[in-house]
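Participant: With the hints as constraints, model all of the structure from the sequences given.
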Amino acid sequence: MLMRSLENTKRQMIREVIQTNLENRARKVRHKRLRWQILRWAWASLMTVTALLAISSFVISRGKTSSSIAVDANAAIVHPLPAQRTDEPPVPQTPPSDVNLSVLPLSVKRIVIDPGHGGDQFGAISNTGLAEKDVTLDIALRLRELMKQSPFEVLLTRETDQTVTLADRVAFANSKKADLFVSIHINSMQPRSIRPLETYYVGASNDPQVLQLARVENRQSGYSLSEYRQLLDKVYLDVRRNESRELANTVDAELYRSLKPLNPKLNDRGVKTAPFAVLVGTQMPAVLAEVSSLSNADDDKLLKDGQYREKIAASLFEGIRIYAKSLNGTGKRGGAHNGT
Amino acid sequence: MQKALTVPENEVAHTMAHNDETICVGIDLGTSRSSISASNGERHVVDSYVGWPLDMVARKVIKKPVLIGGEALENRSMLDLRRPLENGVIKEGSERDAQAVQELLRHLVSLIGINNDGKQHKLRAVVGVPAEAMQTSRLRLRTAMDGIADSVMLVSEPFAVAYGTEALLHAMVIDIGAGTADICVMQGRYPTEDDQRTLPNAGDSIDERLLGSLQEHHPQAQFSIHAIRAWKEKWSFVGESKRRVVVTTAADGKPIDIDITEDLRAACESIVAPIAETVRDLVARVEPEYQQRVLKNIILSGGSSLIEGLPEALKSALSELGKAQITLVQDPVFAGADGGLAIAQDASAGDWEKLSL
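As they're listed, the protein sequences go chains A and B.
Numbering that gives the first Met the number 0 puts the first residue of the first sequence at 0, with every later residue one more than the last.
Numbering that gives the first Met the number 0 puts the first residue of the second sequence at 0, with every later residue one more than the last.
These aren't lab readings, by the way, just hints derived from the structure by calculation.
Do not take every clue at face value.
[Claimed, not checked] Simulated pairs of lysine-lysine, DSS-like, Cα-Cα distance not exceeding 27 Å: (1) Lys9(A) to Lys121(B); (2) Lys9(A) to Lys295(B); (3) Lys121(B) to Lys300(A); (4) Lys303(A) to Lys314(B); (5) Lys314(B) to Lys241(B); (6) Lys322(B) to Lys300(A); (7) Lys303(A) to Lys295(B); (8) Lys9(A) to Lys353(B); (9) Lys108(A) to Lys324(A); (10) Lys300(A) to Lys295(B).
Facilitator: Next up, the structure:
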């Protein structure tokens with residue numbers, strides 16, 4: 000009787016294994032189809048851009064002014080955009096106007112993910128010994144895995160437990176000409192009972208708690224004081240700040256939306272500005288997400304759970320994806336010059 | 000190894016198709032070692048290393064286009080050496096990484112000798128993956144098996160061990176490999192995501208901790224990760240040390256002896272707390288009336304489960320939950336592959352047809 004029951008259990012389990020495998024295979028087929036669709040879509044977009052460029056060149060070569068160009072709505076394609084790579088900053092001749100980015104569906108292509116701290120910089124450490132550097136790296140690696148299924152190219156500032164200065168992280172993102180920069184950190188603050196979620200983009204702050212956090216995160220940045228001042232002076236003129244804010248909004252919203260059911264006491268402190276070195280020095284839209292708090296015992300426990308870390312990675316991915324889609328897609332957004 | 004299922008009459012047609020020309024295999028693709036168990040009785044284990052000669056000179060010396068396993072490790076100075084898996088999942092980053100995993104799988108299958116009799120065989124493979132392996136990793140693995148097997152089934156590694164040891168109800172499997180420790184509670188059904196956990200605290204994390212600790216305590220000495228791994232495999236322990244562990248390494252080109260006993264103990268013990276914590280978490284999710292039964296039926300497997308004193312240390316770390324009973328599987332290195340083979344043999348031919356590549 001017992002043997003019969005064991006055999007039935009085994010048979011049932013094998014049925015479930017087969018079913019799971021068949022579902023995964025179906026995903027693979029869907030994935031192949033999706034890749035093919037993306038390729039076709041990218042090819043069609045490239046053809047469109049090429050055609051538009053040719054028309055623009057033709058019109059310009061005939062000495063017409065831009066206001067009389069028939070394809071004015073698509074003129075954005077010949078303007079340097081903040082999310083695009085260009086060696087020299089654009090000097091606009093006319094006041095900035097809305098840019099229709101939908102003609103460049105792949106304008107967010109390369110994303111640098113920055114797992115905070117690493118090597119001899121442990122970051123925050125929980126009461127149970129969990130180090131910020133380990134959690135941020137794990138989330139970043141998971142995020143990279145998730146992004147491999149997307150059209151984005153993902154680069155990490157570190158892939159192992161190694162020390163990387165903030166200046167080197169910034170230099171890496173800039174040298175790779177990344178389109179977006181996302182830095183992952185874990186908070187630690189008093190009182191220990193709070194479980195804050197915060198997403199930062201570059202800007203000034205008068206909040207003493209934020210400034211204290213910036214001091215901690217900027218430790219061993221590798222920048223001299225004069226270099227840091229120059230960077231700060233430059234940043235407020237930079238239109239990428241608006242894009243950083245948009246990105247911070249989508250990332251923060253997604254993190255809160257998907258983590259709240261697992262972490263009901265999560266306190267969304269929203270999108271804030273702060274002069275973190277990695278946000279100041281990077282030349283592309285950049286955000287720093289403090290995705291949980293190691294000072295809180297419950298968050299500490301959750302962060303030890305791979306599923307929770309996977310959820311964080313998935314939320315970051317979704318936030319980035321929504322931002323990229325809004326940049327590419329419907330034209331609901333004002334584009335790169337949508338005001339401060 | 001467990002015995003095969005008794006097949007009902009209405010499924011006889013399926014079993015007929017498990018004929019002489021069909022070979023079933025279970026593969027445990029590990030970060031450090033990979034093992035294969037086949038229905039023709041062959042069982043093999045290889046170090047999970049793949050290497051290609053770096054240049055013309057290396058090609059002339061090695062006389063092979065690619066080296067696998069211990070042979071690759073021995074000749075590493077002349078090779079572009081790859082470990083196809085990292086943290087229990089297939090590495091992806093270059094074409095070479097993708098090739099490496101295929102070479103390793105092809106090599107494992109070649110070891111069972113299915114091409115030696117001149118017959119064409121159908122190969123049905125069950126491959127173990129970490130419990131929380133991402134969908135992308137599963138897809139990559141399936142792609143890598145293309146051209147090597149006719150049909151492939153992927154299962155979580157601890158489930159394969161549970162199936163092979165018939166620990167299917169009110170039991171828990173802790174499978175500690177090099178890249179990951181996979182923990183799975185068995186409740187009489189195929190484990191869901193909620194029933195399984197994957198931790199990075201496993202053999203490799205011990206190696207890294209030991210290396211860091213030795214470099215800190217003996218800054219003058221030189222250590223290689225391969226030597227560290229070999230010392231750990233030979234002398235790893237937790238709890239009270241029964242002997243001093245003294246190793247020979249080099250400092251400024253001269254050999255020196257170093258006592259690594261305390262560093263080794265600390266490194267090995269670093270995996271106990273996270274594993275115990277995860278066991279506690281999984282046990283807490285089981286219905287209360289079955290929790291003690293699960294606690295008394297914990298199976299330990301995987302290469303890193305051979306750390307001396309580990310079952311006792313885990314029992315002690317779990318003592319607040321009750322009296323745990325932890326059993327080390329008979330053959331930790333092959334437990335996953337044997338379980339995979341059992342699944343492969345118990346699945347009907349009809350099931351396998353659905354999973355053909």
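Participant: Take the C-alpha atoms of Lys314(B) and Lys241(B), compute the straight-line distance between them, and say whether it is at most 27 Å.
Facilitator: Holds, because 19 Å separates the two Cα atoms, which is no more than 27 Å.
Participant: Quickly compare the C-alpha distance for Lys9(A) and Lys295(B) to 27 Å and report which way the hint goes.
Facilitator: Roughly 21 Å between the alpha carbons, so the hint for Lys9(A) and Lys295(B) holds.
Participant: CA of Lys303(A) to CA of Lys314(B), is that 27 Å or under?
Facilitator: OK: Lys303(A) and Lys314(B) at ~21 Å, within 27 Å.
Participant: Does Lys121(B) pair with Lys300(A) here, judged by a C-alpha cut-off of 27 Å?
Facilitator: With Cα atoms ~47 Å apart, Lys121(B) and Lys300(A) exceed 27 Å; violated.
Participant: Tell me if the straight-line CA distance from Lys9(A) to Lys121(B) falls inside 27 Å.
Facilitator: holds (24 Å)
Participant: Take the C-alpha atoms of Lys322(B) and Lys300(A), compute the straight-line distance between them, and say whether it is at most 27 Å.
Facilitator: holds (24 Å)
Participant: Would you check the hint for Lys9(A) and Lys353(B), treating anything up to 27 Å between C-alpha atoms as holding?
Facilitator: holds (19 Å)
Participant: Would you check the hint for Lys303(A) and Lys295(B), treating anything up to 27 Å between C-alpha atoms as holding?
Facilitator: holds (25 Å)
Participant: Compare the distance between the alpha carbons of Lys300(A) and Lys295(B) with 27 Å, and conclude whether the hinted pair is satisfied.
Facilitator: With a Cα-Cα distance of about 25 Å, the restraint between Lys300(A) and Lys295(B) holds, given a limit of 27 Å.
Participant: For the pair supplied as a hint, Lys108(A) and Lys324(A), is the alpha-carbon distance within the 27 Å limit?
Facilitator: The given pair, whose Cα atoms are some 12 Å apart, holds under the 27 Å limit.
When the structure is compared with the earlier hints, a violation turns up for hint 3 alone.
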